[in-house]
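Asks: In case you want the letters, here they are:
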Amino acid sequence: MPEAPQPSRKRGNTCDQPDGKHRLHWVARFVDGWRVYRKNTIGRIGIMLLGLFALMALASFIPPWVDPMYHPMTGVDPHISHSTGPSLRHWLGTDFIGRDIFSQLLAGARIAFMVGISSALISIFLGTTIGMVAGYAGRTTDVVLMRLADMIMVMPTLLVVLILAALFGQLNIWVIVLMIALFRWPGVARVIRSQTLSLRHRPFVEAARVAGASHLRILFRHILPHVMPLALLYMTFRVTSAIIIEAALAFLGFGDPGTVSWGMMLQWVWKTGHMFQAPYWLLPPGICISLITMAFYMTGRAMDDVLDPRLRSEETKA
Amino acid sequence: MGLRRFVLRRLVEIVVIFFVIMTVLFVLFRLAPGDPVARMVDPSMTPEDARLLMESMGLDQPLWTQYLYYLKNVATGNLGISFHYGEPVSRILMNRLPNTILLFTTAIVLSALLGVFLGKIAAWRREERIDTLMTIGALFCNTLFLPWLALIMIWFFAYWVGWFPITGMISPQVWIDPSAGPIRKTLDVLHHMALPLMTLIVTHFGSYLLVMRSSMLDTLKDDYIITARAKGLDEKTIRDHHAAPNAALPVVTSVGLSLAFSINGGALTETVFSWPGIGRELVFSVSHSDYPLAQAAFLLIAIVVLMANLVVDVLYAYLDPRIRY
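In the order they appear, the protein sequences are chains A and B. Using the numbering used here, the first residue of the first sequence is number -8, and each one after it goes up by one. Using the numbering used here, the first residue of the second sequence is number 0, and each one after it goes up by one.
Heads up, some of the hints might be wrong.
To give an idea of the chain A side of the interface with chain B (calculated C-beta under 8 Å), a few residues [claimed, not checked]:
hint, residue
1, M144
2, M146
3, L150
4, L153
5, I154
6, A156
7, A157
8, F242
9, L243
10, G244
11, L257
12, W261
13, T284
14, Y288
15, M289
The calculated label-pair distances, taken between Cβ atoms and stated as ranges, are [what the hints assert, rightly or not]:
hint, chain 1, residue 1, chain 2, residue 2, range
16, B, L27, A, T131, 25 to 33 Å
17, B, L309, A, T132, 20 to 28 Å
18, A, T132, B, I135, 42 to 50 Å
19, A, P69, B, R128, 53 to 61 Å
Rather than coming from a laboratory, the hints here were simulated on the basis of the structure. Ideal Cβ positions, reconstructed from N, Cα and C, are used throughout, including at glycine.
Work out the full structure, taking the sequences as your base and the hints as a guide.
Replies: Here you go:
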């Protein structure tokens, strides 16, 4: 890998160089960041757990392919019509109508990734754009956007989505994803805005302006690369909150009835009154939700260490 | 400059925000598919009652008049009659409000105190085993899925060990019993409150611990801590009287920022433990299509969140005299 020569590139303010070198510089920064990241135990555990869940998500296609009775949603074991404990035939037992819990668990991983990542992508996109525009434009635009952000930030997302579910009936999983995203951008926007404010009057931005670059070009070509790492960091946290909100929604009985998510599995245990008799059914989904949240959170924290030189120096203190 | 002006300004802001929320809710209730009238008037009501109710809410008027009626009704607390309970929603919710406030405030205050206390120790003994343990423990607790933890709590403490009641807020036999004094009743409520409280504390103290720890680490580098050391003060005094009070300020901010999240958690906790609060009422009303109740519960929760935010802000301004708005 070619390495950029600047010693201070970790601090992320070395972009005042000709445009052509941006990509190389990005790669170098990434490699560099990864080197720091790898030393972080918490980060390593996080990545490993995520890998495990990714494997689960991939493996979720196998059971229904082996035998249609293992389909997480429609597959019912013809010989079982109630919840049974773990056996060779059903590794984690079956649910109240004889569906395989293990294959539901695998399918849940797929849904969790889907919900978490797509919702986080949307809210990061919204947050970054709105934050950059607010910070860059200043004045009324800034005030209006930030007031809007404040207003959305005080609302408890889960309950807002609940009310919408009451009004619009059963929500589709993509609508849920979109709803969560629409209510989770303000935090990102705030951070990106303050970062943009500090970048706005840096020499390289001023130079670009003098050279006649348009606002759009300044925003996306000169400011975006600097706020991108922070946006990525926030993405990990948004993934966790999206997964949790979807799971909670499903747990309360407002999930998409066409999908099997971990929250939905918990709802089935709870609502069908198997809570006390079926630990093999109660434990796995909850452990999975908690672990995947923890994995993303750990990854985020480790990334934070990579991005924040102040924290890193703490390791090297006397 | 003064605190009073700051509070006044925040109050005005809160009123504006509430106004917006109220309006959005009004629009949503009219915009959603289905008959808006059927959403506010119980279909099983006698025609005369239904007509009276419709008149009091202006449902037969043009839309903007309806909006004025709606504003007046929100201001006077006349938000319709619950389909399920057949009672005015304001009366139901006013019954539930103290329960929510009791559980919620206790949980927030206790978890913040616990977070500050443990975070202080973790930072003080940073990178020793106890610090690592606490940080990992906090991370772990922080990411536990709340409804699941609640179920596990019930399963273990209420079903397996049998120390606490499974759900609810009071045992009827204690409250019916005329010989039961206020002490016995209080103890009964506390007994029921233990598990939901524990669930909320376990899921909340972690983030406060982490905030406290990192803020305390920053504070320990400050000059006045070195001064305190130079004066020969003992370590405990420096930790508890010099560093901790200043380091605890960001925790207050973080409590404020996580309020919306905590309200979600509160609603989930109330639902699982059948704690008769507003959050549970909201979940219940949504799953039973009890629209007037859902609308009012949501508005009330919005007020609770906004007021709690105000309290946190004022507390912060009070605790940190450097802050003057």
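Asks: Would you mind marking each hint as holding or not holding in the structure?
Replies: Here is how each hint holds up against the structure:
{"no.": "1", "hint": "M144", "result": "holds, 7 Å"}
{"no.": "2", "hint": "M146", "result": "holds, 6 Å"}
{"no.": "3", "hint": "L150", "result": "holds, 6 Å"}
{"no.": "4", "hint": "L153", "result": "holds, 5 Å"}
{"no.": "5", "hint": "I154", "result": "holds, 5 Å"}
{"no.": "6", "hint": "A156", "result": "holds, 6 Å"}
{"no.": "7", "hint": "A157", "result": "holds, 4 Å"}
{"no.": "8", "hint": "F242", "result": "holds, 5 Å"}
{"no.": "9", "hint": "L243", "result": "holds, 6 Å"}
{"no.": "10", "hint": "G244", "result": "holds, 6 Å"}
{"no.": "11", "hint": "L257", "result": "holds, 6 Å"}
{"no.": "12", "hint": "W261", "result": "holds, 6 Å"}
{"no.": "13", "hint": "T284", "result": "holds, 4 Å"}
{"no.": "14", "hint": "Y288", "result": "holds, 6 Å"}
{"no.": "15", "hint": "M289", "result": "holds, 7 Å"}
{"no.": "16", "hint": "B:L27 <-> A:T131: 25 to 33 Å", "result": "holds, 27 Å"}
{"no.": "17", "hint": "B:L309 <-> A:T132: 20 to 28 Å", "result": "holds, 27 Å"}
{"no.": "18", "hint": "A:T132 <-> B:I135: 42 to 50 Å", "result": "holds, 43 Å"}
{"no.": "19", "hint": "A:P69 <-> B:R128: 53 to 61 Å", "result": "holds, 54 Å"}
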